[in-house]
Amino acid sequence: MANQFAALAEPMRARIVETLGRRPMAVGELAALLPVTRPAVSQHLKVLKEARLVCDHAEGTRRIYSIDPAGLGAIRAWLDRFWDQSLAAYATAAEREDSQ
Amino acid sequence: MNAEAQRISPAPIRKSLRVRAGQRKAFDTFAGAMGSWWLKTHSLVESGQKDVIIEPRAGGRWYEIGNDGSEKQWGRVLAWEAPGRLLLAWQLNAEWTYDPDFETTVEVRFTPDGDHTIVDFEHRDLDGFGANAEAVRGDYDTGMDGGWQQLLVNYQAAAES
Numbered sequence: 001m002a003n004q005f006a007a008l009a010e011p012m013r014a015r016i017v018e019t020l021g022r023r024p025m026a027v028g029e030l031a032a033l034l035p036v037t038r039p040a041v042s043q044h045l046k047v048l049k050e051a052r053l054v055c056d057h058a059e060g061t062r063r064i065y066s067i068d069p070a071g072l073g074a075i076r077a078w079l080d081r082f083w084d085q086s087l088a089a090y091a092t093a094a095e096r097e098d099s100q
Numbered sequence: 001m002n003a004e005a006q007r008i009s010p011a012p013i014r015k016s017l018r019v020r021a022g023q024r025k026a027f028d029t030f031a032g033a034m035g036s037w038w039l040k041t042h043s044l045v046e047s048g049q050k051d052v053i054i055e056p057r058a059g060g061r062w063y064e065i066g067n068d069g070s071e072k073q074w075g076r077v078l079a080w081e082a083p084g085r086l087l088l089a090w091q092l093n094a095e096w097t098y099d100p101d102f103e104t105t106v107e108v109r110f111t112p113d114g115d116h117t118i119v120d121f122e123h124r125d126l127d128g129f130g131a132n133a134e135a136v137r138g139d140y141d142t143g144m145d146g147g148w149q150q151l152l153v154n155y156q157a158a159a160e161s
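Protein sequences, first through last, are from chains A and B. The numbering of the first sequence is our numbering, which starts it at 1 and goes up by one. The numbering of the second sequence is our numbering, which starts it at 1 and goes up by one.
Quick caveat, the hints were computed from the structure, so don't treat them as lab data. All values derive from a computational prediction rather than experimental measurement. Hints may contain errors.
Stated by the list, open to error - Computed list of lysine to any residue pairs in SDA-like fashion (alpha-carbon distance at most 20 Å, straight line):
#1 B:Lys40 x A:Ala88
#2 B:Lys40 x A:Phe82
#3 A:Lys49 x A:Asp80
Said to hold, decoys possible - Quick look at which bits of chain B chain A covers, simulated, 3 or more residues with Cβ under 8 Å:
#4 54-60
#5 76-86
#6 112-124
C-beta: ideal position from N, C-alpha, C; glycine also.
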C-alpha cells in the first residue's frame, strides 16, 4: 500500500531525528531548537527510543540522546528483503516470457 | 554542522541469480518490462500502479504510472548498456519521497551462461539514507512486519499461479 511507504514518522519526530543526526543533544536543547515544547520532545523521544531510532546515555545529571546506529542497518535489512522478493518476481517473469 | 553525527556505511545489497532466459530477454524483462513483475503493493501512486517505466537511455527517467495516469518519479538512468548492464539512480529517500538531491545506486549486470543468464544485482551507496533513514524505521517496525507477511503471501500466490 502506498501509505505503508508514505505514512512515515510524524514530521516533528523526523525533525528530531534529523537534528540528532547533527550531534547528540539533551531534551532541553532539542526543545530550544525546535518549535515544540519540552514535554512533547520527551514524548517523541520515547517513541523514537522504543523504535530503536535513538538511544540515550547519562552524562552527569543529563540524559543525552543520539541516533541509534542500528537504524540504518534496519533500512538495509528492509531493502535486502525487498529486493529478494522483487528479484524472485523478476526471475519468474523473465523465465515465463522466455518460454513464449 | 559538526561531524560527530554517528554514521555507519551499510554494505551494498548484493544478489546474484541465474534465470532461465537469454541475456537479451533477461535484460528486456528487467529494464523494459519492470511493470510486469514489480510488486504492485510497492507503489507511491494513490490510484494503484499501472506500470513502471525505465526510459531506455542515460539520463532517462525511472518512474511509475498510476491507474489514473499520474506519475511518480523514482530515479533516473545512469547507464543503459543493453543487454549487459543497467545502472540506475534510486532517488527515493528514506521518506519514500523522490528527492533529486538524494541518490543511491542500483547496478544490474547480465552475463550469458549457456541458455541462462547470470543476473548480478547491487544496490549501493546506501549511506545516503543517512540520519533520515531512521525516521522510516519506526514505521517498518510497527507496520511493515504485517505488510511483508501479506506481500509474501501475495507473491507466492502469483509465482505459483
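Here is what the structure says about each hint:
1. About 14 Å separates the Cα atoms of Lys40 of chain B and Ala88 of chain A, which keeps this hinted pair within 20 Å; it holds.
2. About 12 Å separates the Cα atoms of Lys40 of chain B and Phe82 of chain A, which keeps this hinted pair within 20 Å; it holds.
3. Under the criterion of a C-alpha separation no larger than 20 Å, the hint pairing Lys49 of chain A with Asp80 of chain A is inconsistent with the structure, at around 24 Å.
4. For the stretch 54-60 of chain B, the stated coverage by chain A is not satisfied: 0 residues place a CB nearer than 8 Å to a CB of that chain, which falls below the threshold of 3.
5. Here the stretch 76-86 of chain B counts 0 residues with a CB under 8 Å from a CB of chain A, which misses the bar of 3, and the coverage is violated.
6. Counting residues of the stretch 112-124 of chain B whose C-beta lies closer than 8 Å to any C-beta of chain A gives 4; at least three are required, and the coverage claim holds.
When each numbered hint is compared with the structure, violations occur for hints 3, 4 and 5.
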